[in-house]
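Visitor: Each chain is listed here by its residues.
Protein chains: 2
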Amino acid sequence: MRRNEILATISVDCVIFGYYENELSVLVRKEQVPYNDEIIEEWKLPGNHVRRDEDINATAARILKEQTGLEGIFVKQFWIFSAPDRLRRRPQDFEWVKPRLLDERVLTVGFYSLINIASIDNSKLIDVAKWINAYEISQLMFDHNEIFDEALKKLRYDLLHEPLIFELLPEKFTLTQMQNVYEVVFDTTYDKRNFRRKINKMPYLIQLDEIQTGVSHKPARYYSFDRDIYEKNRSERFDFRV
Amino acid sequence: MRRNEILATISVDCVIFGYYENELSVLVRKEQVPYNDEIIEEWKLPGNHVRRDEDINATAARILKEQTGLEGIFVKQFWIFSAPDRLRRRPQDFEWVKPRLLDERVLTVGFYSLINIASIDNSKLIDVAKWINAYEISQLMFDHNEIFDEALKKLRYDLLHEPLIFELLPEKFTLTQMQNVYEVVFDTTYDKRNFRRKINKMPYLIQLDEIQTGVSHKPARYYSFDRDIYEKNRSERFDFRV
Numbered sequence: 257m258r259r260n261e262i263l264a265t266i267s268v269d270c271v272i273f274g275y276y277e278n279e280l281s282v283l284v285r286k287e288q289v290p291y292n293d294e295i296i297e298e299w300k301l302p303g304n305h306v307r308r309d310e311d312i313n314a315t316a317a318r319i320l321k322e323q324t325g326l327e328g329i330f331v332k333q334f335w336i337f338s339a340p341d342r343l344r345r346r347p348q349d350f351e352w353v354k355p356r357l358l359d360e361r362v363l364t365v366g367f368y369s370l371i372n373i374a375s376i377d378n379s380k381l382i383d384v385a386k387w388i389n390a391y392e393i394s395q396l397m398f399d400h401n402e403i404f405d406e407a408l409k410k411l412r413y414d415l416l417h418e419p420l421i422f423e424l425l426p427e428k429f430t431l432t433q434m435q436n437v438y439e440v441v442f443d444t445t446y447d448k449r450n451f452r453r454k455i456n457k458m459p460y461l462i463q464l465d466e467i468q469t470g471v472s473h474k475p476a477r478y479y480s481f482d483r484d485i486y487e488k489n490r491s492e493r494f495d496f497r498v
Numbered sequence: 257m258r259r260n261e262i263l264a265t266i267s268v269d270c271v272i273f274g275y276y277e278n279e280l281s282v283l284v285r286k287e288q289v290p291y292n293d294e295i296i297e298e299w300k301l302p303g304n305h306v307r308r309d310e311d312i313n314a315t316a317a318r319i320l321k322e323q324t325g326l327e328g329i330f331v332k333q334f335w336i337f338s339a340p341d342r343l344r345r346r347p348q349d350f351e352w353v354k355p356r357l358l359d360e361r362v363l364t365v366g367f368y369s370l371i372n373i374a375s376i377d378n379s380k381l382i383d384v385a386k387w388i389n390a391y392e393i394s395q396l397m398f399d400h401n402e403i404f405d406e407a408l409k410k411l412r413y414d415l416l417h418e419p420l421i422f423e424l425l426p427e428k429f430t431l432t433q434m435q436n437v438y439e440v441v442f443d444t445t446y447d448k449r450n451f452r453r454k455i456n457k458m459p460y461l462i463q464l465d466e467i468q469t470g471v472s473h474k475p476a477r478y479y480s481f482d483r484d485i486y487e488k489n490r491s492e493r494f495d496f497r498v
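These protein sequence lines are chains A and B, in that order.
Numbering of the first sequence is given in our numbering, commencing with residue 257 and proceeding in unit increments.
Numbering of the second sequence is given in our numbering, commencing with residue 257 and proceeding in unit increments.
Hints may contain errors.
Residues on chain A that point at chain B, a partial pick, calculated with CB under 8 Å [stated by the list, open to error]:
id: 1; residue: L263
id: 2; residue: T265
id: 3; residue: R308
id: 4; residue: D311
id: 5; residue: I312
id: 6; residue: I329
id: 7; residue: Q333
id: 8; residue: I336
id: 9; residue: S338
id: 10; residue: A339
id: 11; residue: P340
id: 12; residue: V365
Bear in mind the hints are in silico, worked out from the structure with no lab data behind them.
Glycine included, each C-beta is placed from N, C-alpha and C at the ideal position.
The task is simple: from the sequences and hints, build the whole structure.
Guide: See below:
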């Protein structure tokens, strides 16, 4: 990559959320950072500069491919982080990034992505990448904690307004599985009866003629999401959500 | 402004929506564009480059101030437009912009803004700016029609989810005024009874002990928006809106 092939002042950073067995994770990558005559390990979100011939969605897809081996994953831009001092929050961050920069001012476009970890091949992850629990994130480099916090807020907002939850569920799922995903993403617990009452108002949630097999408890019924019914029922409303 | 004081590849473009007497408008500005040995008039959204010492919100506020004289207006980033060919959609656009550019690749951050035109001093508008009906926009320069279309979509989405509608209403308003704003923004008409039924579900809409005076029709009651009640009633829900 020749240096003039990238846009010096624009990057993309990706918050890749993963769900697996009642845990919400986020993918971070390790960097070796020289600081005070030592090499310390620091973690950051996967990111990269925008290339001259790319739109930013292509940049996000490329970062995902390069760092996770994954293609065709849902990605969504959610905010631009543009504080002039964003690379200089801690001296070690700036020391590390400085030789990599063409310009000391870089705006970054935050993308988030949503993966059902059970459905992917984790062996494709690059070896400096790892999944960490989304609720146990330590200090990341630059403004990456802020980017993560905003991504989580946006993920929750979007989950309440779009049928994104089904990205995290298998094709057929039980209502308990569905409740678990909501509980993990919103970091809370719901009363089972209240939850089912709300769920019952979703006309696009289809009860299948099929129940679990091979479970030790009373087998639960499977459900699936019907996108056609969802699209047909979409309408504009006034209540702007309270 | 020295040329190295701006970020060459990043700009902000503003879709400033104005509401006045049952009409939704958008602010555009005129440019003199040389083309085929003539000078033609073209229209574009107000926009400018990001300065080196600014975050993008400051850029948006500056553009609003410079082009409309307005300060302290609600502005919100909504999308980044990053197609590599976005300045070259028509030859006359690129010919006009080329001498103004430090780099031929410019990403732009779209902001929208919402103004009750009755509450502002229109004499502060720069003389090449004008309000045009939002539903009668002709061809704008670059990708600015696309930016406008996305802003309108985002405005409508946000109006259904946030108490933005009150930015367009006076402190005290009648339900007919409120219905008019919704009808204009969504470019539709609502049945009065259905509309009032929906409105009645808004606990933060306060009926005042005051009615219109000096009107020829039966005077209507005034209402106001109670932000405290709104904030208290905000809660997370599951139905992700259909």
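Visitor: Now tell me if each hint is right for this structure.
Guide: Okay, the hints, checked on the actual structure:
{"no.": "1", "hint": "L263", "result": "holds (5 Å)"}
{"no.": "2", "hint": "T265", "result": "holds (5 Å)"}
{"no.": "3", "hint": "R308", "result": "holds (6 Å)"}
{"no.": "4", "hint": "D311", "result": "holds (4 Å)"}
{"no.": "5", "hint": "I312", "result": "holds (4 Å)"}
{"no.": "6", "hint": "I329", "result": "violated (19 Å)"}
{"no.": "7", "hint": "Q333", "result": "holds (6 Å)"}
{"no.": "8", "hint": "I336", "result": "holds (6 Å)"}
{"no.": "9", "hint": "S338", "result": "holds (4 Å)"}
{"no.": "10", "hint": "A339", "result": "holds (5 Å)"}
{"no.": "11", "hint": "P340", "result": "holds (6 Å)"}
{"no.": "12", "hint": "V365", "result": "holds (6 Å)"}
Comparing the model with each earlier hint shows a violation of hint 6 alone; every other hint is respected.
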